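S.K.: Build the full structure now, drawing on both the sequences and the hints.
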Amino acid sequence: MKFLILIFCVLLFFGCSAKKVLKAPERSMQRISAAIERSKGITPDQEYYIGRAVAAKIVSTYTILEDEDLTKYLNLVGNIVAVNSDHPDLPGGYHFGILNTKDINAFACPGGIVFITKGLLDTLDNEDELAAVLAHEIAHINNRDGISSIEDSRRSGVLSTILLEPFRFAASLTPLHLAVFSGAFIQSVDSVVDTVSINGYDKSDEFKADNDALNYLRRAAYNPVSLVDYQKKVLEHYNSVESEQHSTHPGLAERIQKLESMTLKVELDDIKVKERKKRFEDALKG
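Following the numbering used here, the numbering of the sequence shown begins with 926 at its first residue and continues without gaps.
FYI, nobody ran anything at the bench for these hints, they're computed from the structure.
Predicted model, so just to flag it, every value in this text is computed and none were measured.
Hints should not be assumed to be uniformly reliable.
[Stated by the list, open to error] In silico lysine-lysine, DSS-like type, Cα no more than 27 Å apart, as pairs: (1) Lys1199 with Lys1157; (2) Lys1190 with Lys1158; (3) Lys997 with Lys1202; (4) Lys1202 with Lys1027; (5) Lys1199 with Lys997; (6) Lys1203 with Lys1128; (7) Lys1190 with Lys1027.
[Claimed, not checked] Label pairs and their calculated CB-CB ranges: (8) Asp1207 with Gln1182: 26 to 36 Å; (9) Glu993 with Thr1188: 37 to 47 Å; (10) Glu1206 with Asp970: 36 to 46 Å; (11) Lys1128 with Lys1199: 30 to 40 Å; (12) Gly1018 with Thr988: 17 to 27 Å; (13) Met1187 with Lys1210: 27 to 37 Å; (14) Glu1200 with Arg1144: 15 to 25 Å; (15) Ala1178 with Glu993: 34 to 44 Å; (16) Lys1190 with Pro969: 33 to 43 Å; (17) Glu1185 with Asp970: 19 to 29 Å; (18) Asn1140 with Leu1160: 21 to 31 Å; (19) Thr1188 with Gly1211: 20 to 30 Å.
Note that beta-carbon positions come from the ideal geometry of N, C-alpha and C, so glycine has one too.
M.R.: Written out as structure tokens, the structure is:
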């Protein structure tokens, strides 16, 4: 129940509007029964709700860094990259938050929420490197890498109904109905959380996210080389300590090697580069 409450808190925090409450739990259960026989892909709206629940689960493990100015700056950079991504218009938009931990990591929640740890933020040298971190995570969202952990299963057919019915009939659900809803929903959320924060993505997903991130950075006029620069910092950290987080970033050395084999250099406006670096330093000092 605490987790469900946390989900609704995250929904409110990221600007989710409440659904109109209707009194028809029996009809709701009938829809779920019918949905079991179907196997449909998860829609962007459903992905939105899953992503908010995944975010709530991550926030229940870590805590959000309460720094309004730094978070505002993070969202500025993140949305510059997101606007230049392959899917700039998500149903709930893109939102970026900082996790108050020294761990070196970043998480992409389905539907548009990205978390970066304070530990990773502190290892970066400039705004271009920050943009590279966010570009890689945005690419995972665009490619739906997290949601794919459940989309191919029969659960996805059930989710077509489960993800919408609780919000429509929440006030009139009996304990039995609520158990059905919350059990299936949380099971699906846990599957995504495992992929995002524990097991990690497949190498092929990571390689594609890197390639897509390069495109986003070029479009946004950031330095693509910064993607390699920040990954080297992360690899150096993993090599210096025994870290469980290493398993969530498979083949990092191989990814760096692939990136370095590409032509990454682009012509940059030196004045804008200096302005971005100063903006980054001012934000972190704040």
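S.K.: Please go over all the hints and tell whether each is borne out by the structure.
M.R.: A quick look at each hint next to the structure:
1. Proximity of Lys1199 to Lys1157 is assessed by CA-CA distance (about 22 Å); at most 27 Å being required, the pair is judged to hold.
2. Restraint check for Lys1190 and Lys1158: satisfied, since their Cα atoms lie roughly 19 Å apart, inside the 27 Å limit.
3. At most 27 Å may separate the alpha-carbon atoms for a hinted pair to count; Lys997 and Lys1202 meet this at roughly 16 Å.
4. The suggested pairing of Lys1202 with Lys1027 holds, with an alpha-carbon distance near 22 Å, which does not exceed 27 Å.
5. The straight-line distance between the Cα atoms of Lys1199 and Lys997 is roughly 20 Å, inside the 27 Å bound, and the hint therefore holds.
6. Between Lys1203 and Lys1128 the CA atoms are separated by roughly 35 Å; this puts the pair beyond 27 Å, and the hint is violated.
7. Pair hint Lys1190 plus Lys1027 does not hold up; C-alpha atoms about 31 Å apart against a cutoff of 27 Å.
8. At about 35 Å, the beta-carbon gap between Asp1207 and Gln1182 stays in the expected band of 26 to 36 Å.
9. The hinted window of 37 to 47 Å between Glu993 and Thr1188 holds, with their beta carbons roughly 40 Å apart.
10. Taken as a hint, the range 36 to 46 Å holds for the pair Glu1206 and Asp970, whose Cβ atoms sit roughly 39 Å apart.
11. Between Lys1128 and Lys1199 the beta carbon distance is about 36 Å. The supplied range of 30 to 40 Å therefore holds.
12. A beta carbon spacing of about 23 Å between Gly1018 and Thr988 agrees with the range 17 to 27 Å that was offered as a hint.
13. The hint said 27 to 37 Å for the Cβ distance between Met1187 and Lys1210, and at roughly 34 Å that hint holds.
14. Between Glu1200 and Arg1144 the CB atoms are about 19 Å apart, so this pair conforms to the stated range of 15 to 25 Å.
15. In this structure the hint that Ala1178 and Glu993 lie 34 to 44 Å apart at CB holds, the actual value being about 37 Å.
16. Remark: the range hint 33 to 43 Å for Lys1190 to Pro969 is upheld by a beta-carbon distance near 36 Å.
17. Between Glu1185 and Asp970 the CB atoms are about 40 Å apart, so this pair departs from the stated range of 19 to 29 Å.
18. Under the hint 21 to 31 Å, the C-beta atoms of Asn1140 and Leu1160, about 23 Å apart, fit the expected range.
19. A C-beta distance of roughly 36 Å is found between Thr1188 and Gly1211, which places it outside the suggested range of 20 to 30 Å.
Comparing the model with each numbered hint stated earlier shows that hints 6, 7, 17, 19 do not hold.
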